[in-house]
Amino acid sequence: MKRLRPPRRGIAISAAVLMATTGLAACGGSGGSGSGPAHLTWYINPDVGNADASKGGQATLAKECSQASGGKYRIKVQLLPNSASDQRIQLLRRLAGGDKTMDLMSVDPAFVSEFAAAGYFAPVPKNMIDDFKADRVQSSIDASTYGGKLMSVPFWSNTQLLWYKKSVAKKAGLDMSKPITWDQLIKGAQRAKMQIGVQAKLYEGYSVWINALVAGAGGEVVKNPNATYENIKLGLDTKAGKDAAKIIHDVSSTGVGGPAMGNSTETESLNLFSSKKGGFLVNWPYTYGAYAGKDKADVAATMYPQTVQGEKAAPPYGGIQLAVGKDSQHADLAYQAAACITNQKHQADYMAASGNPASRKGAYETAEVKKAFPNGIAAEIRKSLDVAAARPLTPYWGDISTALQQKFSPPSSVNQQTPAKTQSFILKVLNGKALL
Amino acid sequence: MSTVAETTKADLTSEEQAHLSDRAKGERNLGWRLAGPAFIVMLLVTLYPIGYAVYLSLFNYRLTDPAGKKMVWLQNYITALSDPLFWQAFVTTLVIVIVTLVFELILGMAIAMVMHRVVWPRRTLRTVVLIPYAIVTVVSGFSWLYAAQIDTGFFNHWLHFLTFGGFSENFNWFGGRWSSLTIICLSEIWKTTPFMSLLLLAGLAQVDSAQEEAAKVDGATWMQRFTKVILPNMKAALMVALLFRTLDAVRIYDNPYVMTGGANKTQTLSMLVGTETVSRVEIGMGSALAVILFLIVLIIAFIFVKLFKVDLTTSGRS
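Protein chains in written order, with full-length UniProt numbering: chain W, 1 to 436; chain E, 1 to 318.
Next up, chain W with everything else stripped away, as it sits in the complex:
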């Protein structure tokens, strides 16, 4: 009998441990509805600090707002995958599955409409709408709006600038103080025997470029973004679409896009710009902080190039919106947290630390932001945001974007027929007549 004891005691101990842990788990799950702070989960996209709260990234904001809440809530961050498409899939699966931990999430504006149309977001409290719109750049409010209603909270508002090296622009004979067209840029780069960094790999960034070119020619990729898939009208098979195709064709065929243009994302194009061959680059503001060349004083930025001479440029709009899931058990607290995360001080701090531009206009006037983006770059970003064009705010953007990238790849194959072919393919895909 004595021999049997130790194993029995082992079983008893493990059972006790098991019960204790399940008890603890139950405690954590209840989310502090009675006493103690509520636990909010914030799904963040990777940034400067990722999950590390000491680097000034979203994790830092989470920590500071938890402390500032006075014990009302505590925000825990969960890191999403790197690529925008993988972030979308993870958020989408959780939202569709009714995950109750979707308290706060950082969403790419390209997917806000899709989620909002599906009813995945908790409504913004009426008394907070004005606060969330106050002092924000218009493009960030537009990106947060679906069907005339504010669906998410503007957080970052990114835009692309035309980056150039002053010495190269001089050699190319370009006056960068005036608006530049793509045509002038290509010819200038040829004269200076220098290259232009663009994003033309088969990924979301290529759609960003195509959309900016079409919008710059006064066109729209999607004419009626609020329509259902049966009634959607595209504006690719137009003069604007053909103008866009011509620029992509020219950048590729003249070789100014570099040898690896068809494999180039933000990173590759920035590397090209940092190299000796790089003269120009269209890219997001993080470029300045990430520029690796020694001649950083030579780097300057101006407004995104025009597609058509005289027609206002339409720089791409990017960024991140904050949204609250419909099944969140603390939607009100989550919106309070969103207000804290996007207050003036946090916006300026975050922009200076992470290099991701704020959606609040006030942030651009602060000393810390001007220091992080010197030589008037901060003002240039602010100016670009006023005219930036968002990608079509349609729930079908995911499919449209993929189809767009596929038909425009490789960039060397783009010709004047490409827009028409792409348009009919996208319509077939949306109507379930072709696979993607």
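If a hint is listed, it holds; no wrong ones were tucked in.
Computed, partial: chain W to chain E, Cβ under 10 Å: (1) Y120; (2) L202; (3) G398; (4) L436.
If you are wondering where the hints come from, they were derived from the structure by calculation, not from laboratory data. All C-beta atoms in this analysis are idealised placements derived from N, C-alpha and C, irrespective of residue type, glycine included.
Got chain W sorted already, so can you dock chain E onto it with the hints?
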């Protein structure tokens, strides 16, 4: 159990036939009662999802657009079967199935015959052979990916060395369709040959050694003994092994997903189903493709069972 059955059987020999059939009926009832719950659970977890998939496949239904859900009857099937992307995935899958099956069968047979003959480190050998099969496919996929990549890989280095510089060290295996498929097939063969060889070893054990010796005495060559004695005797096991591997290979997903993600026309049918349902959340079209994949599997099983006369019950027992 068997002793009880034998004694009752002995007791019953003098009794009437009717009594025996009562007992048989009772046994059958007991059998149903014992196996019934498991059978119902099986139906619930397999038949219900299959039925639901068939139902969903009749709709144009996107998860993020519930209002746009529309009955389109067989339109999804027509679209899928007339789409070039579907046939491209079909050809890719077919190539992978045929190539891997041929190599796995030959290599598996060779390994099985070695394992059958070897006496001394028998158990060790059988364990060692099984190692690749024990590795998670995603892990083996990544190993082969890193081994063949330009920056981390050693393939190019050795091929370059062994061909005296004839093979470029900068060859991008994942840059084209057929070179990508080569690595995918190699990885698949490496991983599943052990499974094949184990099934074939079981078949080899069935072969009556007396027949083999008789053939040997009669002067049959090794080849004659192999084709006339060994193969016919292990046909059932061989066919079951082939059937299992074919059905497995048709569903291939992890290896190409890890290595190419479907780039350069290396998307397989399972990956296509995945893209439609998981990333595009087109539940209707995804279900239609899944049903088509299921039908392909059924047709293959039917061909094996009817045309090659595979009897799953007898070889299962052996």
